[in-house]
Each structure stands twice: as structure tokens, then as C-alpha cells.
Amino acid sequence: MSGLALDPTTPPQKVTASKRVGNFLKLGRDYGIAAFAVILFVVLSLTTNNFLSGQNLRNVLDQSVAVGIIACAGTVLIIAGGFDLSAGAIFAVAAIVGAKATNAAGPEVGIIAGLAAGAGLGLINGLLCTVGRVNHFVGTLATSFAFAGLATILSGASLIIIADASFVDLAGTKLFGIKSSTAIFIVFAVACAVLLNRTIVGRHIFASGGNVRAARLSGVSVNRIVAFGYVLSGTAAGLAGLIVVSRTLSVNDSVGGSIVFTAIAAILVGGNSVLGGEGAIWRTLVGVFVLAMISNGFNLNGIDPLYEQVITGGIIVFAVGADAWARRSRT
Amino acid sequence: MGADTTSEPGAIPIMEVRGLRKSFGGVHAVRGVDLTIRRGTIHAIVGENGAGKSTVGKMIAGVIRPSAGEILLDGREVHLHSPRTAIDSGVAMMDQELAMLSARSVLDNVFLGNETSRHGMLDLNAQSARFEELTASTGFVLDAKTIVGALCVADQQKVEILRAAARDARLIVMDEPTAALDGDESKHLHELIRRMRDAGTTIIFVSHFLEEVLSLADTVTVMRDGLVIQTTPASGESVESLVNAMLGRSLEITFPPRVAPLKDTDPTLEARGLTSIGRFEGIDLALRPGEIVGLAGLVGSGRSEVARALFGADPVDAGSVLIDGKPIRLRSPKDAVRHGIALVPESRKDDGLMMLRSVRENIGLVALRRHARGGFVRSRADRVATSTTLERLSVPTARSESVVSTLSGGNQQKVLFGKWLMFEPRVMLVDEPTRGVDVGAKRAIYELIRELAEDGMAMMIISSELEEILGLADRVVVMHRGRITANLPAAEATEKAILQAAFGMEPQP
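In order, the protein sequences belong to chains A and B.
Take the position in the first sequence, starting the count at 1, then add 1463; the result is the number in this note's numbering.
Take the position in the second sequence, starting the count at 1, then add 14; the result is the number in this note's numbering.
FYI, nobody ran anything at the bench for these hints, they're computed from the structure.
Keep in mind the model is a prediction, meaning the values are calculated, not measured.
Yeah, the Cβ is synthetic: ideal placement off N, Cα and C, and Gly gets one too.
One thing to keep in mind: the hints can contain errors.
[To be verified] Quick list of simulated restraints, FRET-style, between CB atoms:
{"#": "1", "chain 1": "A", "residue 1": "G1777", "chain 2": "B", "residue 2": "E465", "range": "55 to 61 Å"}
{"#": "2", "chain 1": "B", "residue 1": "P270", "chain 2": "A", "residue 2": "W1745", "range": "56 to 62 Å"}
{"#": "3", "chain 1": "B", "residue 1": "V313", "chain 2": "A", "residue 2": "G1777", "range": "40 to 46 Å"}
{"#": "4", "chain 1": "A", "residue 1": "I1641", "chain 2": "B", "residue 2": "G83", "range": "54 to 60 Å"}
{"#": "5", "chain 1": "A", "residue 1": "F1781", "chain 2": "B", "residue 2": "L336", "range": "55 to 61 Å"}
{"#": "6", "chain 1": "A", "residue 1": "A1654", "chain 2": "B", "residue 2": "T402", "range": "45 to 51 Å"}
{"#": "7", "chain 1": "A", "residue 1": "R1661", "chain 2": "B", "residue 2": "D182", "range": "56 to 62 Å"}
{"#": "8", "chain 1": "A", "residue 1": "V1783", "chain 2": "B", "residue 2": "E405", "range": "38 to 44 Å"}
{"#": "9", "chain 1": "B", "residue 1": "E465", "chain 2": "A", "residue 2": "V1783", "range": "43 to 49 Å"}
[What the hints assert, rightly or not] Which chain A residues stay away from chain B? Per the calculated CB distances, all over 12 Å, these:
{"#": "10", "residue": "A1500"}
{"#": "11", "residue": "L1507"}
{"#": "12", "residue": "I1574"}
{"#": "13", "residue": "F1608"}
{"#": "14", "residue": "A1609"}
{"#": "15", "residue": "T1615"}
{"#": "16", "residue": "V1631"}
{"#": "17", "residue": "T1636"}
{"#": "18", "residue": "I1649"}
{"#": "19", "residue": "A1678"}
{"#": "20", "residue": "R1687"}
{"#": "21", "residue": "S1717"}
{"#": "22", "residue": "P1768"}
{"#": "23", "residue": "G1776"}
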């Protein structure tokens, strides 16, 4: 709150030492996590033999695809002011629906059915948390149970095996030296970033999460925007589910596992705010790769993977704490 | 005015501040302030928005930490790390924005952080007894069990005052305590503040209202650009002298006069029998192109509610809204926007702006469709439109990528106007056009309103500052308890006539 801003004739301030320090802190807040990722990358390159090999890096990238897709859509939703705890359950339902539809009518129908299932369940979340006025955490916690139950019912609690081996092509086709699953992830991440930064819907997403009352009083259909975020999150979970099924050609109801928590962890590690109205896809991507590198590094160095979870937790606390401190110093 | 307390040689001042500085991310809000606060006085701090007066108040109360400088309490240096340590030292703060637990009772809020306990359990009887004492001594009528969220702002303010009193604060910092109060309530508050002073409490009073400061304070400090310009006995100052000191140049608030004569045209927007049960009843209004209608009334008379209803923000129970003589459906603000209606809300922080986003994003929000193709925003068009709007508002265009919360109150308010300016509405409803805005920005906003009206926009302004209504409006509509009690052309709209109507009195010629 500077009085200087009021008077356009005031000459620009001299750059003082404290201002330079302030700029440095701001830079640290904005890009600290990226710097951390680079350092992690260098350390892993130096301490292990295999990390820097093209094969290993492609694997790391490909293993991040499912989490990454869910996390990118989750970022859009969190910026809009929503939160989806049920993405893991939607992931399972869509994978099962996709597998069954493939067996019944072929891979194309299977993919469409899987995505439609994801979008449909996302819409249920969206309606519940907007028109239904249910709190986002409570609503999607409830539907995560319901959808997980739905996955068990649909699968008959048994393993479903896809008979048509061509379903592998969804994730396993080679394109420009990377797998098609990786390509899908890249395209999806770019699409989410463009949506947020270049479109009217994107501006309305930031507005809805940033100040819901101001957004409404500016003619933004907040409910529609938030519901859209849930549909995107559901569809992304469905896409991720289909990709995972495509790798193994088999699926059961426990496929969802803890993927939603890993995705949320990636969003937070990247430095996005859980409060909405702020954030960026690149942050989430950095978060995804930091988590993937940690996991890979533990693996390559032969360290007990149990410690991985402790480290991940520590990094989340650090990232969220840094965000809170940054907010405090801004007020 | 307590001028006799000015000199007590040898007495240690309750607080001394030396070389106090504070910068936020490289911006210096306070640049070396020295203050001496004498015991048992009312010490006002005035200045434009962004002069640093609120920041000084907050540092004194431990809400924010100084970057440099020292604070002496009773002659000893203290480090007020948090509101808690400040309260323990007898310094309390009443914030500009009320800090309340809205879902808890009045009693819980008054004793928040200061609960009476016995063996670790809350002692409700003791608290209730103390509450009775406090209300008796202040003369407030408040039910201890009411949920704070259900109270009007003025009553919530009383809770805040009781809270400071309950903490036995020796020094209370009040930041714009009367901003949300109407005239009568302000008078009550003044009375209370004087009584507290006479009982030995020291008050630091940060305010925009200079008349109020002059009638209340013993000492006035004027700040500008983070520095103290002068500290003088209030008895020797006048509104003009304070404004001059504040601005460093002479600037009288003048209202831009109407240039083109009013034409008798058909109304752009009309309301017929608009009723929302419990809020307002049978509202008939006509807003004509080029005309500024002032909607006056006491706080709580239903003024803002009418504006919100005309904008589709709240549903109505009966009545209709017409644009160009044709009835329209207003289910949400989106419908209103489609019909070219704009609402500049009362609270820019709650209803107006995304405080953590850039100026450009805020300004572009409504009119974005014009700078987009196929749903994609054309960055160039968006940037150009933002710069044009900022120039028109005389906000430095270099500010367009700044986060709104880093702007001064005046510039924030201009951004709020800019959002609708870019949209070019046909009808503009403005609720409190200059709340929390400094003198310079005020004048710019008045000129803008007049200019927009001259260009043919139908304007309605709601204001608690009667001066603003009298200075700007071509016609004044007065509300009292949810009903319109007067509809006066500018020539008949005197202060007396408006006040009589606002209080529901029959007009006495």
C-alpha cells in the first residue's frame, strides 16, 4: 500500500538494497521449487549410474503420466475453488467401464465409454458441490466411497482381462521416440495451460476461485465454471485409468489405490495454493517430476522405499509452509 | 476538547515511537516515523490512503512487525511480536475490517483470547457478569447470546469495542472505527471514546473523517508518503489546514458541475413495485440517460439491497424491472450484464476485486468477450484495452500487471470502476463510490461519474456521505425502513429535507 501509486507524477523509486533482497525472496518463492527440482536432478545424475540414461528418464516420465494427467486437471479445479478427492475412485470406475466396453464392442467404444464414465461422475461431483451446495471436501469424500463401491460392483470384485490386445496401442505406440501415453500427457498438460492462460473460461476459473462473490457480480456463471472443473477432473481421471489399463490389459477394483493423494501432493509440492484463485500448470508439472525423481532416486540408490513417503510428506510441508510465509509477508 | 492535558512536564508519555519503518516487498510504506503519545489523550492520525497511517497503527498494536525502529511503552522499549504480546502490554486494536467469529455469540467474541477460566474450564458466570458491567459502562444494548453474524455492522462494531474494553486496554488503536456507522451511531461512539479517555484510556484514532477528528482528538498527526508531516494540538487546526498539510498542496473537494442540461427522456431502467420481504417494499424508480440519481438513507434502510436486486444479485418477491420500457428477467447478475447494467459494489475486497490477481485480469473480467475470438483471449487487444482504461482513470499504466492488493485504496477503487468502464454499461449502480479512498482519488471518481452521466449513462449512486449525494445527484431518492420516503429534484434536495425523509419524518416546510 504505497502512497506513491496514487500520484502518476512521482518518479520511479531507486532500486535499494532492501528492494533487491525483496526481489530475491519473491524469486525464491516463485521459482524455489523449480530450483529444487534442478538441484535434485543434478544430485541424482551425480550419485547414480543410471539416472541420466535416456531409457531411465523416459521411464520416469512415462510412470508419471497417470498422476500427471489427474494432477493437471486437479490444478484447474483447485484454481476454480474446487477440490476432487474422488479422482482415484473415478479412475477405477472408468478403467473398469473401459475394459468391459472394449471386450463388448472394441477398443474405440471402450475408450469413449471410459472417458464418458469419467465425465459423468465428474458432473455428479460438480452438481453436488455447486447446485447441491455441499462442501467440496465433504462432497467428493462421500462420492469417493460411492464410486469405489460402484467400481467393485461393476467388476464383480474380480480381475477383468481385455481380450483385444490392440488396446495396448493407446499407451504403447511409439511416437517420436516416446510412448503415446507420454505424448497424451504432454498434450493434455499444454491444453490445460492454454485453457487457464489464454481463454475466457480460464479467466473465469481464476475469478471464481479468487473471489467468488466478485466473480458472480461480474456476470461470471460461477457454478458452471466450477462444475466444468469437476467434469474436467473426472474426464482426466478416466483418461488416466484407460492408459493404465492399456499397459497391463487387466484391471480390478483396487486399481485406484492412492493415486489421488499422489496427484494432490504433486499439486501442492509445486507450490499451488489450496485456497484457489492462484496457481499454474508448470508448478504442478514440477511437483509431479520432483515426486517421480525422488521415487526413482530411492529405487536406483537401493534405499528402503518407506523413507520415500516420509520425504514426500516433508517436502509438502515445506512447500505449503513457504506459500503461507509468502502470503504473510505480502499482507 | 481536553486541551488542558497537553502539557504535563516530566510525565512519561504512554508511548513513544522512534524511527519506525516498514516496507512491503521493497515498497516503503512507513519511512521513519517518530510519535509521542501522551497518556489519557485522543491522538488522531490522518492522511491520504497509502500515507502509512494504518500501517503505523498496526505496528503499534503488534499486528505487523516494523522493519526498523523502536517502540517505548511507559518509557521502556517493548517488542510487540504479535497482537497477543501487545494485548498483554495493554495495547489493543480495533481493525478497519472487523475480525469476528461470525458463527459464535456476542459473549464468545467479546472474551475471545481473554476467556475467564476456573481450573481450565470456561467460567461463563464470571464472563456474563463482566459482560453486564461492560455494557452498563458503555451504554450499549446488546444481547450476549446473539450470534455475531446476525448483527448489523454497527452492532458488530460495538462488539469489537467491548472486546477492547474487556481486555482492560490502556491504549486502544482504532482504525476507521466509524466508517461503517451512520451519523447517530458515530455520535454514540464519539461519546464512548471521550468517556474512555476521561477514565484514563489513551486512544489512537486513525480516520478519514476530518470533522470527526477535529471534534474528538486532542492531538492530530498528519502523515504523507510514510512520513509524519506535523503533530499539533487539534484545537489549532481546521479541515482546510489538515487537508493542506496532508496533500502538500491546496485541494478542496469540489464537485464537478453539470455541463449539458438534463433532457426529459424516457428512462433506461425502471423498477415498478419492487419488493423483497424484510428488505424493501414497493420500490418505484426510474433512471434516465444522463441523470445521476442519488439514493440516500440511513445504513440499513435497504439502499444496497435495492441496488443488488436491480442487478439480479438477490431475488425479489414482487415487482418488475424494465429496460427501455420492456420487462426483463433478472435471475442472476449475468442477466443484468447482458442488459447493460453494472454494479460497483460497496466492498471492493469482498464483492469487487480478486485481490491476489493482476490489475489487467480484474479490469478485463466483464468485457473479456470483446477482446476474444472463439473463446481465446487476444492478449494484445486485452493489453491495449487495459492501458486505455487505466489512462482514462489516471492510474499509471505500468501498474497493469501489479497484484491488486499492492495498490493503494484509491487505485483499487479506480480499478473497480475500470472493470465496468471497459464494459461500457448503459446503467451504472454505484454503491459507496469513494469508500476508504483519499481526497485526490475522490475527486477523480466524482469527475468520472459526472463524465459518464454526461455521455448518456443512467447513473445511480448510493452514499452515506450526504455531501456526496448533494454534490453529485440531479435527483435524490430517500429511503427509510425499506420504503421510498422522498423523491427530490436537485433544487429541493437540501440536507434538511433529505435527513427528514431518511428519519421518516413528515416534510416540514
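Which numbered hints are broken by the structure, listed smallest first?
-> 2, 3, 6, 19, 20
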